[in-house]
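**Student:** Protein sequence lines, in the order shown, are assigned to chains A and B. Everything in the first sequence is counted per the working numbering, starting at 1 for the first residue and increasing by one. Everything in the second sequence is counted per the working numbering, starting at 1 for the first residue and increasing by one.
Any given hint could be a false lead.
[Said to hold, decoys possible] Think about it this way: if two alpha-carbon atoms lie no more than 20 Å apart in a straight line, the pair counts; the simulated EDC-like pairs of lysine to aspartate or glutamate are:
| # | chain 1 | residue 1 | chain 2 | residue 2 |
| --- | --- | --- | --- | --- |
| 1 | B | K104 | A | D259 |
| 2 | B | K121 | B | D135 |
| 3 | A | K104 | B | E156 |
[Stated by the list, open to error] To list a few chain B residues with every Cβ distance to chain A over 10 Å, as calculated:
| # | residue |
| --- | --- |
| 4 | S28 |
| 5 | R34 |
| 6 | N73 |
| 7 | G132 |
| 8 | G253 |
In short, the hints are calculated from the structure, not lab data. Glycine included, C-beta positions come from ideal geometry on N, C-alpha and C.
Protein chains: 2
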Amino acid sequence: MAGNRPATLGKLGIIAGSGTLPRRLIESCRAKGRDVFVVALRGAAEPETVENVAHAWCRIGAAATALELLRSNGVTELVLAGGIRRPSMASIRPDWRAAKFFAKVGYRMLGDDGLLSAVVKELEIEGFRLIGAHDLLDDGAEIAEGPLGQVAPSAEAAADIARGTRIARAVGGLDIGQAVVVQQGLVLGVEAIEGTDALLRRCAGLRREGPGGVLVKLQKPGQDARIDRPTIGAQTVTLAAEAGLQGIAVEAGATLLLDRDEIIRAADQAGLFVVGVRTE
Amino acid sequence: MAGNRPATLGKLGIIAGSGTLPRRLIESCRAKGRDVFVVALRGAAEPETVENVAHAWCRIGAAATALELLRSNGVTELVLAGGIRRPSMASIRPDWRAAKFFAKVGYRMLGDDGLLSAVVKELEIEGFRLIGAHDLLDDGAEIAEGPLGQVAPSAEAAADIARGTRIARAVGGLDIGQAVVVQQGLVLGVEAIEGTDALLRRCAGLRREGPGGVLVKLQKPGQDARIDRPTIGAQTVTLAAEAGLQGIAVEAGATLLLDRDEIIRAADQAGLFVVGVRTE
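Work the whole structure out from these sequences, hints included.
**Tutor:** This is the structure in structure tokens:
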């Protein structure tokens, strides 16, 4: 947890993708007086992420440049944060360093998680210490077992959570995605590369009459906890409500809550539950 | 195969859902001089399916009515054909016979395939002989191993077919869906309840640069071959082309081709492959 880390840890490198997580890390470091240097990934990170902070933009394929930027800015500890829409090999235009990496690991044969794990290993070989975003955020970014807000799952929702958990585990084990939507035992949708928001939007048109379904979002089995940790925000709650769901179940101790207070507010207002579950 | 069946088999009952398959069966029986009686499922079968043929409309929940209709019309052999958008328990309004069935099998705990298998078993207990639609159609409705039209998969597409096959097997084993789309090793989408057409439509917006992906559609492992056999038609080819795919792989000997000639014409025209694969 962040509270146990001394403020003298040195400069933190943040490799930033899309969404609000990179900015939250920047602000968390700023509040603790820790220096950061951000490598913003072109086509992924938003411009507002790197406002008023030391940073450089970098293509995903420009690995040599990224490594040089991190080293010349004195980074030793590194965090990967935010989303990356995985590009095809044809569009990635790898520089020599990225090409060497892909030749080693093989691009095609790796799922998202496999590829990210390989990237982490490679960065460790290069001498960086990789940490998880959750280790840099407050304890409030974690979810414990049980309901987060005022609503708890009904018995019917609990049955859908149980089925959704089995399916999300299996689908995650294939390195396809983290999330599924289940209603009355029916699998309405499985997340692949489109992401959770798109999954929820499409499930709005697939819902059956009667009690609404649940979103179950879990860490992939064997996934490196430092990368691509399942994340939900107030937006997830809003979309779940619009899809007619009764609530959201995420993995206790293995999920990042963006804006915990906003999630609770949105869930209570919409009458949805957000619950942390243990899956083993 | 149909050619081996005598024309004196007696009246065929067709329980008809959506799509063109029920009408094809009706026409195939007509060409062979075999009588049919159609139970058209309300909310699933289209009106044109039952034009000029002995039939009655029936709600999905009205099991006693359906059984009575079949018996009083002298049906002993029965085929289930066409799609059914599975309703929620809340909307199914089961009559006493359907309620008895659901009490026995449990609605919630069954996936699509599990539920259909239970329906088939129940119909057999009621004394009907269940046969598969493919047994009533010409040999042309089957696909053998290898390409159907003029285009064959590239080495790259073959790698995506191999990955897609592994994933479709696993996803089918969970009774989620039959189809997946893979591009350059990435799983762009997994079919759940939305069906293959909707999967293809959404993958159009998810494709990466570079060589296009493949649709892999397989029978679910352990699925009763008489029901819900994977089906493709010219529409599948058109949507695959619009999604930027290189082609379609289906299970040899376990797939129904609606309009074989039209599929070949559409595939050759769009430069797509349609290939039968063995998966074991």
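**Student:** Look at each hint and say if it fits the structure.
**Tutor:** Right, here's what the structure says about each hint:
no.	hint	in the structure
1	K104(B) x D259(A)	46 Å, violated
2	K121(B) x D135(B)	19 Å, holds
3	K104(A) x E156(B)	19 Å, holds
4	S28	32 Å, holds
5	R34	36 Å, holds
6	N73	31 Å, holds
7	G132	24 Å, holds
8	G253	25 Å, holds
Hint 1 from the list above is the single one not met by this structure.
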